[in-house]
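Construct all of the structure, not just a fragment, from the sequences and the given hints.
The sequence shown runs 22 to 266 under the working numbering.
The following label-pair restraints were derived from C-beta to C-beta distances:
{"id": "1", "residue 1": "I156", "residue 2": "K111", "range": "42 to 52 Å"}
{"id": "2", "residue 1": "R259", "residue 2": "L202", "range": "17 to 27 Å"}
{"id": "3", "residue 1": "K124", "residue 2": "K194", "range": "19 to 29 Å"}
{"id": "4", "residue 1": "L247", "residue 2": "F27", "range": "17 to 27 Å"}
{"id": "5", "residue 1": "D155", "residue 2": "S261", "range": "49 to 59 Å"}
{"id": "6", "residue 1": "M36", "residue 2": "P122", "range": "14 to 24 Å"}
{"id": "7", "residue 1": "K194", "residue 2": "I56", "range": "31 to 41 Å"}
{"id": "8", "residue 1": "I251", "residue 2": "I136", "range": "12 to 22 Å"}
{"id": "9", "residue 1": "T118", "residue 2": "P39", "range": "23 to 33 Å"}
{"id": "10", "residue 1": "L202", "residue 2": "I56", "range": "26 to 36 Å"}
{"id": "11", "residue 1": "K194", "residue 2": "I255", "range": "13 to 23 Å"}
Okay, derived cross-link-like pairs now, DSSO-like style, lysine-lysine, Cα gap no bigger than 30 Å in a straight line:
{"id": "12", "residue 1": "K258", "residue 2": "K28"}
{"id": "13", "residue 1": "K194", "residue 2": "K31"}
{"id": "14", "residue 1": "K124", "residue 2": "K31"}
{"id": "15", "residue 1": "K28", "residue 2": "K111"}
{"id": "16", "residue 1": "K258", "residue 2": "K31"}
{"id": "17", "residue 1": "K194", "residue 2": "K105"}
{"id": "18", "residue 1": "K194", "residue 2": "K28"}
{"id": "19", "residue 1": "K28", "residue 2": "K262"}
{"id": "20", "residue 1": "K124", "residue 2": "K105"}
{"id": "21", "residue 1": "K102", "residue 2": "K194"}
{"id": "22", "residue 1": "K24", "residue 2": "K111"}
Quick caveat, the hints were computed from the structure, so don't treat them as lab data. All C-beta atoms in this analysis are idealised placements derived from N, C-alpha and C, irrespective of residue type, glycine included.
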Amino acid sequence: MYKRAFKLVKTEIRMLFPAYILTFAVTVLLGLFSITFLKELINTLAGYQNHFNGVSVDILFVFLSPCLSIVFLSSPYLSLKTLKEDPFGKRIALFRTMPVPIKILTKSRMLLMLITLLILSTTFYTTIVIGIRDIYHLVFTTQQLVSFLLFWFGFSLTIGGLNVYIESGTNGKMLYIFSFLYSLTIVSFIIVFNLNTKNSVVEKVAEWTQQYDWMPSVVMIIIGLLSYNIWGIILQKRLSKRDYL
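Now the structure itself:
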């Protein structure tokens, strides 16, 4: 079953290869952009400066890191007109005419998200680690740095499962509405959290990592894996009831 699902994923990756390359390049740029803010965070935690731009670093990690689970520079995400035409639903309909069983189709959707997340997260965080390699030891051990980054991988995995359901289980208009509401909710949360606590979310996670080592990342990875499987089950039920033909 997984072999057939993986074969379907490989076919889709070939179709999306130009978008993957462009997304990969922009992910590197986002990683480079993040280095400055993380250096400010490290210097603040180390006591070398009194303030850093908490909202900006939260935008990069809390708001944008879940985007690493999608090919965010593929055409549906670049054109509202294309998105409204429900390209993901049409793709599902095409696979159903082959025909591809619902269970395999569902696993391929989830597997594609997971592979995309692994590739883009590795790219993003490797870029960051290279940029802060000479300074991270001021507040983190190597193990703590890995734990800190794994926390955000788990967070992205948690949101990624939901995104797969919205993409393949609903339609283009719903994906647009979800994207708008997600953006509004997360950005509002970031601003309110920073104003009320005088800390950023990323700073708080860094402090948890310093205090508890692997525990925060292990908990978030478990939550991410549970989300991955739960949304997979929900998506399979949704696809089995929806007529794409």
